[in-house]
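Engineer: In case you want the letters, here they are:
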Amino acid sequence: MALKTEPFAVNIGPAHPSTHGVFRMRATLDGEVIVDLEPVFGYLHRGVEKLAEERTYTGFIPLTDRLDYLSSMANNLGYCLAVEKLAGITVPERAMYLRVILAELQRIASHLIAVGAFLNDAGAFMTPILYMIREREKILDLLEMVSGQRLTYNFMRIGGLSQDVPEEFLPALKKFVDEMPRWIEEYEQLLKENEILIARAKGVGILTKETAINIGASGPVLRASGVKWDIRKADPYSGYDRFEFDIPTGETGDSYDRYRVRVEEMRQSVRIIKQAMEQLPAGPVRAQVPHLIRPPAGETYTHIEVPKGELGFYLVSDNSIAPYRLHIRAPSLINLTALREMVLGWKIADAILIFGSIDICMGEVDR
Amino acid sequence: MLNAVSFQALPPDWPGGFWWHWLVFTIIILAFVVGMVMAFIYTERRAMARMQARLGPNRTGPFGVLQPVADAIKVLLKEDIIPNKADKLVYWLAPAVAFTPALMIFAVIPFQNGALLADLNIGILYVAAVSSVTAVGIFMAGWSSSNKYSLLGAMRDVAVVVSYEVPLVLSIASVVLIAGSLSLNQIVVSQTIPFILLQPLGFIIFFLAGSAEINRSPFDLLEADSEIVAGFHTEYSGMKFAMFYLVEYAEALALSCIITTLFLGGWRGPFLPPWLWFVIKVMAVFFLMVWVRTTLPRVRIDQLMALAWKVLFPLALLNLLFTAIQVLAIPMAMSWLMIVINFALAVILITLWARLFKVGWGRVEV
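So the protein sequences, as listed, match chains A and B.
Mapping of the first sequence onto the numbering used here: position 158 corresponds to residue 158, and the numbering continues sequentially without gaps.
Mapping of the second sequence onto the numbering used here: position 323 corresponds to residue 1323, and the numbering continues sequentially without gaps.
Just chain B, same shape as in the assembly (with noise of 0.2 Å):
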């Protein structure tokens, strides 16, 4: 039964039917997961190294590729402290409330043309659900840390989720609309030209926004290091620690599958096999965050809010319109004409919300 309705996709010729399916999609997503969550902290200290001057880690294994193990294995003998003032059950949880959901989102992704775990028929809104999750977590973690830069870096990650959580899905809406279907296979396997060309605007505003609720730089304000310490896990030691690290980064990874899925045409692709053009995508989308990172200072949180209801859910909504009347009004054949339009959307747009959004707001009279 479930079959039916919800894993429309399993390949005819899969041995075995559904648990077996299931079993080995598990195995290879937490392969995946692991193996490329390694393979983003190597990339992003190397690059970042590289973008600020200096060499990185380049001790441990050849060219410093095994620093992430070594990294594991450090943080692994380390001592786990909890304060004495901790809500101790809730501390305890807060790493796994936080990292479950990060890890989910990846049973919806495609890997290649219906090599996924689940596919389904609303996939998209799936991944919308349960990456909100996470910042329960961390509020959790805040909260229970009973420690004043924990709990104002969970309020702000409450805030930025809540409010970011609106553009994003508007910008899914309106690749939703083109592709006609919630599921993410199926948005792959109608993506001829790449999203990223038809939806500049989408594009854009979904990686701000995903960028704030994954709290990547520039919006990285719960874990202002030069702030608040280190927010939400200041207090977190060792292995409890280690997790909210993955769960950064397997949020980043799964942020950048979902980009690669829905605007860079997921698995597709010339010569390559089909799962190496999703990484070869997915490591290009993360390359872009380790570079916006090394890049620019950090926003402030009233000028984070504004830049989510003020620029982000306008431009959004308009763009989610100016999507529908395309759909309906310009046939399949002409998608080049929706190119054109897209972009020239995009930047008069974005010049005129630039011109709109003042900055230099801020002080509160005390």
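Same shape as in the complex, but just chain A (with noise of 0.2 Å):
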């Protein structure tokens, strides 16, 4: 007698340990493979684009912060150069090189978390993201520094920062980035090789160019798949023209891919910092603007490469004191999209894995 058997659904979610924050996948499986699978979000929306509308323009930075709160400082700098560009605004150049290393700074923060919580999501128990969290927590220690905060750092103001970086700072950095580079050797022996890892990572979840350009993935997503897009370079902002980094890129886009770019994005990060504190100028660090800005009526969408991929802000101004209507690109969202195409036909294992690859935030994804 043949036995009967029949798909059933599972709730991956919103309270499970991998789904980092109050995701749901409701995977339809067909044993262990996934025949099916819609992701479910929503669950943290807090409706920050339609709050903007209320707030000042600069009363907005400490909800950006909030937004994927891996990235404070990233968030910071694209809404800043977003209102920037629609008031006109320049900033001093030393205001410009600072903004470059924060946000650099942050670029390896989040990538260590990512390319941990990979790993964890992957079965290392807890040994990669521990060793990760030991170095985020140095660069923690210097944003602390900065800005009094160790993760909603709201220290970026329309028209620079707001201060300049204490004397103990560029020491402290500098220091830090002549380490960075062993410790990722560190990780680097331990995974880059791990046999375990490639056998679970390599060739899962492809996401081929076509679709990840269709789509319109960005960040180390897109980039895994073999595009050479980083904002950074494309339409550079805030005198990233003047470093020289290179783009890493992936051959076949899977999850092992998108875990080299990261690792590689990272000595690119510490190489742009080293640059920027090499070039670094005296002077003020932030310009004189009006305390209540109304910038003319008008419309911009600004766009920066964060940690994990194209944050956009979309303003329109009416010359008020806040914003007629703000959009927010949500790079984290728009990655997201991309997770049914990779796991399906895969085990449920898997689909763990290649969603903790994308590196998704859900401060980000549900705003």
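Bear in mind the hints are in silico, worked out from the structure with no lab data behind them.
Glycine residues also receive a C-beta, built at the ideal position from the N, C-alpha and C atoms.
There are no misleading hints in this set.
List time: in silico DSSO-like cross-link candidates among lysine-lysine, alpha-carbon distance up to 30 Å:
1. B:K1148 / A:K4
2. A:K233 / A:K192
3. B:K1078 / B:K1148
4. B:K1310 / A:K202
5. A:K233 / A:K174
6. B:K1085 / B:K1148
7. A:K4 / B:K1085
8. A:K228 / A:K209
9. A:K4 / B:K1310
10. A:K228 / A:K202
11. B:K1310 / A:K192
12. B:K1088 / B:K1074
13. A:K175 / A:K192
14. B:K1088 / A:K4
15. A:K233 / A:K274
16. A:K138 / A:K233
17. A:K202 / B:K1148
18. A:K175 / A:K274
19. A:K85 / A:K50
20. A:K85 / A:K228
21. B:K1085 / B:K1074
Non-contacting residues of chain B with respect to chain A, defined by C-beta distances greater than 10 Å in every case (computed):
22. V1034
23. T1043
24. N1121
25. S1237
26. F1241
27. A1284
Got two chains here, each in a separate frame; can you build the complex from them with the hints?
Structural biologist: What follows is the structure, given as structure tokens:
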């Protein structure tokens, strides 16, 4: 007698150890194989875009911290650039360089968590993520030194920075930059040629070049698929055109490539910070801007390369003290749309791994 | 009558005979298991913390040694939750069914020469038989919880245990061939050279298959926390959860004891008392397991099956074949020759299979 089998639905999340927040995957399983998957999000919706309309331009900066809370500095930068572009404010040189340094520090910190969490999803019992958190602590110490905060910095202002960095910051940064490549080597020794990691991640969750472009993926997810697209190079902002760095790309677009691209980007970030430190000019860190900014009526779309991809702010001004409309193009959300494409046909363990390799932050997905 | 058949190595100077022996060793085994499990939990947490660049539990008692006790008390005081849709009787029985066989294994483990509850002349067969019963308890737990994660975990466990039993028993068989006995005590007595030197490949196969069988990382699929939350014991709380926790470590202890007995010369060793040697070797094996756990990511279920059937099974068969030839061809006095041959064989076979064993499959068209 042949036994009847039927697929069954499993809710992975919203409260699940590896959904990186409150995310739900409604997976239909045939045994262990995923035959259908429906991402469900919105559990963390706070109406950030609407809140922007009730606040002054400056007053919205703290809320950008809470979009992707693993890269607050980068979000601050993106928003401030958008408002500056709309209001026609020029930022002093020193502030531009410091912004680059802080954003790149933030990129390293975010990638450390991304890689660590990816390995945790692969089932490495906490070791890689704890090693990486050890280094992230040092970055958080540096950022705390300048801003007084460890997670939500609220440090950048329209027209520059909230204040100049303290004098002990640059020596501490130099020490960190000198040490960081060695730590990256340490992770590489532990992970790069780890037989189980290769077996688990290589060829798993392939996102083809065409699909990646079609869905509008960005950041490491896009670059791992072999597209050399980095807004820091393609549409330079905040003086990125003055630095030398490479854009690491993958070949096949599998989970392993996404992991490799992130590790390489950490190296490039260290390179950028080194150059920015050498070229750092003296001077003010904040342009003279009025307390209440009233940008002329108009609209702008400003995008920057945050650790997770292209973060865009679409701002519409009606010459009042608050934005008429703000839309945030969240890289996590758009990269997440590739999830179903990637996991179909793989096993439940792979789904978790692939999801981890996209590196999303629910604070940004749901806004 | 029992004495005549099964309890050959009953120490002649033991006062009172069979029943005293039975009582004393039952108490010894219980104390040994509970004590060692606590030591294991402490070792694992501290060693793992060190390897992960953190401190680990260090507040309860000196160096945190009382942490397992504190954990036990905490878990006892927790509310015992039974899901509404659970199959109550099975749910209630599962921890006991899982725990009893894990404890029964220790009946045949020799702590020193002749110091064991029952020196069965089929000791190693008994171990192989009893150790797989735990899977029944785990499947009962997974099935009765009426939780999909639990069911997935339980299914994985059954698949793993059924597959890995084969290479496990085959690698035991080659040890038995050299020792010429199934009794664990006799196997230790015959180890003038620790069998790990005569059977390096057998040791590796046994260690891997054993780790998979007791679900130690990187084969801890049935409770893969990042995938299926806690696997078969997702719904368990309180004392029932503690039982499963105990099973996990009792199994790790049993595996360490068996590896020590089969491959590391059991209680044999110079200077120190035999039981201390035994404990030291058991701890060393467990430390190796902790080390592996902190280092490696988890494999996937199909890769786990492939490892069992495509790698470990043929290697174990070949190992058995070559061992049989060597036992026939090489006289006992020439055992150093066996060491050389077997190490060469291990290196050649593993390299060969590493080339044959390709990764990267696993997608199913849907």
